[in-house]
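Chains as they are written, first to last, in my numbering: chain A, 45 to 372; chain C, 318 to 644; chain P, 19 to 529.
Hints are computed from structural coordinates only; laboratory data are not their basis.
For every residue, glycine included, the Cβ atom is placed at its ideal position computed from N, Cα and C.
There may be inaccurate statements among the hints.
[To be verified] Listing some non-contacts, in silico: residues in chain A with all C-beta distances to chain C over 10 Å: (1) Gly-57; (2) Ala-63; (3) Ser-133; (4) Gly-143; (5) Leu-208.
[To be verified] Computed footprint of chain P on chain A, listed as stretches where at least three residues anywhere in the stretch have a Cβ under 8 Å from a Cβ of chain P: (6) 233-240; (7) 250-261.
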Amino acid sequence: MTLSPRRLAIDYGLLILLAGLVAVFAVAEPAFLRVNNLFSILQAVAIVALLGVGVTVTMIAGGFDLSVGGLAAFVQMAAAYSLVVLDGSTGSAILLCLGLGILVGLGNAVLIVRLGIPDLLATLGMLFLLAGLQLVPTGGRSIAPGLILLDGSTAQGTFTDGFLALGRHRVWDILPVPVLVLAVVAAALWLVMAWTRFGRVFYAIGGNELAARLAGAPTRLYRVAAYVISATVASIGGILLAARIGRGDVSAGNGLMLDAVAAALIGHAVLGANRPNILGTVVGAVFVGVLLNGLTMLNAPYYLQDLVKGAVLIGALAVTYGLAPRRA
Amino acid sequence: MSRAQARPSRSISAAELLRFGLPAMLALVLAVFSALAPGFLTVANVTGVLVNSVALNAIVALAMTLAVASGGTDLSVGTAVDLGGLAFIAAVSAGQPVALAVFFGLLAGIGTGLFNALLIARLGVTPFLATLGTLFIGHSLQQLATDGGNPVYVPAGRITPALALIGHGSCLGIPLSLWLVLLLSTGIGLLLTRTRFGREVLAVGIQAPAALYSGLPVRRILALISIASGTIAALAGILLSAHVNAYVPYAGNAYLLDSIGAAFIGTALSRTGRANVPGTLLGVALFGFMTNGLLLIGWNFYWQQVGTGVLILLTLILAFAGRERVG
Amino acid sequence: MALAVRGLTKSFGSTRALADVSFDLAAGEALALMGANGAGKSTLVKILCGVHGADTGSITVGGTAVTFASPGQARAHGIVAVHQSVADIGVPTLSVAANLLLDSVCTGHAPVWVGGRGSRRAAAAIAAGIGLDLDLSRTLGTLSLAERQLVAIARAVAHDPAVLILDEPTASLSAPEAERLFTILDRLKSRDVALLYISHRTGDLRRIADRIVVLRDGRVAGRFGRPLDLGAALHAMLGRAVGQATPHRPRPETAPVLRLSRTRLAPGATPFDLIVHAGEVLAVTGPVGAGKSTLAGALFGLWPLAAGDMEFAGRPWRPRSPRDAIRNGVFLAGEDRWRTTFFPATVPFAHIAGTISFPFLDRWSRTGLVARAAERRAAAARIAEFGIRTRGPGDLPSALSGGNQQKVVLARWHAEPARLLLLDEPFQGIDVGARDDIVRAIRSAARERATIVFVNDLEEALAVGDRVVSMAEHAVVEEAADFAEPGTAAAGDPHPLRPAEAPPCHRPPRP
Numbered sequence: 045m046t047l048s049p050r051r052l053a054i055d056y057g058l059l060i061l062l063a064g065l066v067a068v069f070a071v072a073e074p075a076f077l078r079v080n081n082l083f084s085i086l087q088a089v090a091i092v093a094l095l096g097v098g099v100t101v102t103m104i105a106g107g108f109d110l111s112v113g114g115l116a117a118f119v120q121m122a123a124a125y126s127l128v129v130l131d132g133s134t135g136s137a138i139l140l141c142l143g144l145g146i147l148v149g150l151g152n153a154v155l156i157v158r159l160g161i162p163d164l165l166a167t168l169g170m171l172f173l174l175a176g177l178q179l180v181p182t183g184g185r186s187i188a189p190g191l192i193l194l195d196g197s198t199a200q201g202t203f204t205d206g207f208l209a210l211g212r213h214r215v216w217d218i219l220p221v222p223v224l225v226l227a228v229v230a231a232a233l234w235l236v237m238a239w240t241r242f243g244r245v246f247y248a249i250g251g252n253e254l255a256a257r258l259a260g261a262p263t264r265l266y267r268v269a270a271y272v273i274s275a276t277v278a279s280i281g282g283i284l285l286a287a288r289i290g291r292g293d294v295s296a297g298n299g300l301m302l303d304a305v306a307a308a309l310i311g312h313a314v315l316g317a318n319r320p321n322i323l324g325t326v327v328g329a330v331f332v333g334v335l336l337n338g339l340t341m342l343n344a345p346y347y348l349q350d351l352v353k354g355a356v357l358i359g360a361l362a363v364t365y366g367l368a369p370r371r372a
Numbered sequence: 318m319s320r321a322q323a324r325p326s327r328s329i330s331a332a333e334l335l336r337f338g339l340p341a342m343l344a345l346v347l348a349v350f351s352a353l354a355p356g357f358l359t360v361a362n363v364t365g366v367l368v369n370s371v372a373l374n375a376i377v378a379l380a381m382t383l384a385v386a387s388g389g390t391d392l393s394v395g396t397a398v399d400l401g402g403l404a405f406i407a408a409v410s411a412g413q414p415v416a417l418a419v420f421f422g423l424l425a426g427i428g429t430g431l432f433n434a435l436l437i438a439r440l441g442v443t444p445f446l447a448t449l450g451t452l453f454i455g456h457s458l459q460q461l462a463t464d465g466g467n468p469v470y471v472p473a474g475r476i477t478p479a480l481a482l483i484g485h486g487s488c489l490g491i492p493l494s495l496w497l498v499l500l501l502s503t504g505i506g507l508l509l510t511r512t513r514f515g516r517e518v519l520a521v522g523i524q525a526p527a528a529l530y531s532g533l534p535v536r537r538i539l540a541l542i543s544i545a546s547g548t549i550a551a552l553a554g555i556l557l558s559a560h561v562n563a564y565v566p567y568a569g570n571a572y573l574l575d576s577i578g579a580a581f582i583g584t585a586l587s588r589t590g591r592a593n594v595p596g597t598l599l600g601v602a603l604f605g606f607m608t609n610g611l612l613l614i615g616w617n618f619y620w621q622q623v624g625t626g627v628l629i630l631l632t633l634i635l636a637f638a639g640r641e642r643v644g
Numbered sequence: 019m020a021l022a023v024r025g026l027t028k029s030f031g032s033t034r035a036l037a038d039v040s041f042d043l044a045a046g047e048a049l050a051l052m053g054a055n056g057a058g059k060s061t062l063v064k065i066l067c068g069v070h071g072a073d074t075g076s077i078t079v080g081g082t083a084v085t086f087a088s089p090g091q092a093r094a095h096g097i098v099a100v101h102q103s104v105a106d107i108g109v110p111t112l113s114v115a116a117n118l119l120l121d122s123v124c125t126g127h128a129p130v131w132v133g134g135r136g137s138r139r140a141a142a143a144i145a146a147g148i149g150l151d152l153d154l155s156r157t158l159g160t161l162s163l164a165e166r167q168l169v170a171i172a173r174a175v176a177h178d179p180a181v182l183i184l185d186e187p188t189a190s191l192s193a194p195e196a197e198r199l200f201t202i203l204d205r206l207k208s209r210d211v212a213l214l215y216i217s218h219r220t221g222d223l224r225r226i227a228d229r230i231v232v233l234r235d236g237r238v239a240g241r242f243g244r245p246l247d248l249g250a251a252l253h254a255m256l257g258r259a260v261g262q263a264t265p266h267r268p269r270p271e272t273a274p275v276l277r278l279s280r281t282r283l284a285p286g287a288t289p290f291d292l293i294v295h296a297g298e299v300l301a302v303t304g305p306v307g308a309g310k311s312t313l314a315g316a317l318f319g320l321w322p323l324a325a326g327d328m329e330f331a332g333r334p335w336r337p338r339s340p341r342d343a344i345r346n347g348v349f350l351a352g353e354d355r356w357r358t359t360f361f362p363a364t365v366p367f368a369h370i371a372g373t374i375s376f377p378f379l380d381r382w383s384r385t386g387l388v389a390r391a392a393e394r395r396a397a398a399a400r401i402a403e404f405g406i407r408t409r410g411p412g413d414l415p416s417a418l419s420g421g422n423q424q425k426v427v428l429a430r431w432h433a434e435p436a437r438l439l440l441l442d443e444p445f446q447g448i449d450v451g452a453r454d455d456i457v458r459a460i461r462s463a464a465r466e467r468a469t470i471v472f473v474n475d476l477e478e479a480l481a482v483g484d485r486v487v488s489m490a491e492h493a494v495v496e497e498a499a500d501f502a503e504p505g506t507a508a509a510g511d512p513h514p515l516r517p518a519e520a521p522p523c524h525r526p527p528r529p
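So that you can see chain A by itself, here it is in the shape it has in the complex (with noise of 0.2 Å):
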């Protein structure tokens, strides 16, 4: 098979972008390329990673979960809650989130799987669904130590150490926990999408399946642990994101949906693979990063960020749609 600039550019665009920009910006602002700043990007991009890797998950059994952004954010204020207004310990609070993730998860499978409602209406009203629930327990208002309560009094515990460290702490004062936590995830869910028989079963129900099912595969049930793996990752994700705004910010999840969903589908395009896969996603997700890290060393201003986001967004669709062979 020979090389042309087409199939060059499908295969490796996105990684040779990438070079590009590591590149410019290492030229133009030295202090770019400095470790500590490189581990910033990782961090600031291990949350929408994990929301991403989530969504791929979803996408490889052939469906899609539009309510990853919005379940962070409800398990960010879950945590919060259970943290500042139960009182409760890290470990508690840390089971109630995962609980509350795998509660969400099987209520999209339900509705997607048993009740054949389409995935990406079914998920959008549960994104609406968590988005109003989130704001229930305190009116509206963000939650943090000593927060007046509904009832006029007032809350009496904190974030926990142990907690705030799963956000803040660095491993040997380097690696973010953060970032520890998308590198055990996503390896983790690599090697069983590229490597396992389960993986491959999930390839082959988003592919035809029809097929898989006469094969043998029970397919209804690996949707629905799709569904589940996604908002269990989801809502590590939150998790991760209480830990490292120290508060229960109602505002905190705006944009993460359409960041996940961007760096999954932006990772379609890694490596020629046309598919969606868990490494993809996670370069999708650091391209992004490594773009708004730089213009915003550069002094672009803030509000650039969601134009480059749709511009990538975009252009990662053009390729997906337009340049790769078109599929039936």
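Given the coordinates of chain A, work out where chains C and P should sit on it, guided by the hints.
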């Protein structure tokens, strides 16, 4: 299995049930709240709901209805509302005549639609993802144009009678916005049910291959629908900003959820299962009165949001449960 | 005895698909099953592999009576089928190796870790089982139809079946590929696998079959042992001798309507010429994937030719879209009517009148409004003309029988005069009686136009055409002279991913 195979007797009774589903639900909401909240079923309150919440929602939902009829979902209607309002207010503030400002506002909507059309019809991106990208870019454009998202107020000296007419005018005692709803819903309703183009839109939305084999210019139809949807949504943006004499960034986003909800509730709870104007209007009214009723009985804004989310999910369940999964 | 079938009967509604079908199949034997469209072959296969249940009758495998509730149970009893269907294409986004291992992976028999050396070896072993010589790391979707067919056969053989059912396995294979398949089948026979081989290509039968059972109208119409008398078998299948009922009609002395010169349907395909005259019905036959639909689509503006020129009514013909073609009087009734013609009941014009009028709305009303009265009148006239059995123009096509549905499709493209009418598989899923009606309808209106009918089935081609040509490897290869052996040199489809030919995603099952 498929609906076509259901025995006639059963499908008719189910169809009859669905035909009355939406009016019945609206009646139920009205009955419950008039019992719970004394001020609910008064002329003042009902008019208030219609003018303040239903009218603009209805316009945006009509735009969404067109998109849904053609088989897509337009996530950028809110963006078109915002950009339409922004262009309009910017032109008014710069001292342009109001008519020209309206033109600029509509142009912004057309531009939004054109951008979607480009992605959908030229690149073949699915409408959902294409309009998602537009949503991003529109967000950033607003920040760029307003130094990071500051409201733009029309200077007191520039508030002309013409502007006040658009924002607060009425005819025969009925506000302009409601007239516009009437006009648009009649137009779009007739378009979808009576005209050739309406048939073509539904054909593309429901069975695109058959539309292509029947000789329809499928991509051109999708492009036209995108542009129409953007333009109509921008109209809502112009009315909104004229009403408050200001452009408020991202105000349009609030319309996105309600318009999706109304268009899909109207589609789901109809006898035919296709996007239709009366269904959309009933859906908008349902949301409007439910929110208002919840407010009157003392629920806070956040519970209203939850209620809306639950309502949408319930609608989706009603619409799709028991149906064979398509594609 | 590997398989014994006794008195199998199956009805769908009032239609009797199978009536008292009995046959035996011994281990190591190849039994050919012949039958025209609608003779009951596919029903029989579906019962044998557990998709349908039989109304009465018994199936015995290796001496034990069995009933199957699912394809999985049939497979557990050693009956494996290779259909020509979406499911058998496998998962187009996965590699060949992953597809070969799909069954074991999906049922949990594979090791947890895949993709490594162990799976490569397992996949290679399955491929070697039928001598499949392919790069196993390629994505299935990039393979030709023929190669995908071989992958599906390899998957089936990997189950170590006692009975292997093959449904027209050579339909998309070239001669060397088919010979490779026969070598594999010989090896399976020598391993005591029983083969049920569905085909009526005499070359295949001569090469592989030990005995033949012929089905016609759901009944066994003949049994033939060695030495095989293929002429008699074809006679039993068609109910008449080949070539007698449809004598060649003389080519009309009219001007050519369509002229293709040096046409290539795919890059690298053989260029061919083709002329179609006014008043003539040309039947184009050939195996699946030979390019019949590609040719039809190129004439109709769905996609361009790879090379060459078309001339229509004396002018160069380069339709940009179906819309363009229809405006110029070139109509195509696409294959799979539920995908290309009918709309589901969710549109307000799904009824017969709306279906017929849809392409011509702009001709019937200049204002942009729908002329409902005109549409009903036109539909009523067509219903009478084509003898469509229905209550009226307001009926939904889904309420009609397959034959009447197809008449609606035909009626639609007779609602306005055509200069060139293209019919792609117009006899799909209809019974023999309806087929004769449709042949008559096509032929009776053919005088004023040129007509091309694209059919897989040779017998249908003979029944409808004044002239029959056959296609293979994306080219018209011959004026079919040896009708019994069309297109022995067919190859795969180089455009397996053409969007307009996606598998249909939703349609009511045929009765």
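These are the hints, each one checked on the structure:
1. Gly-57: holds (16 Å)
2. Ala-63: holds (25 Å)
3. Ser-133: holds (27 Å)
4. Gly-143: holds (20 Å)
5. Leu-208: holds (27 Å)
6. 233-240: holds (count 3)
7. 250-261: Our answer is that it holds, as 10 residues pass the Cβ test (under 8 Å) against chain P, meeting three.
Hint compliance for this structure: no hint is broken.
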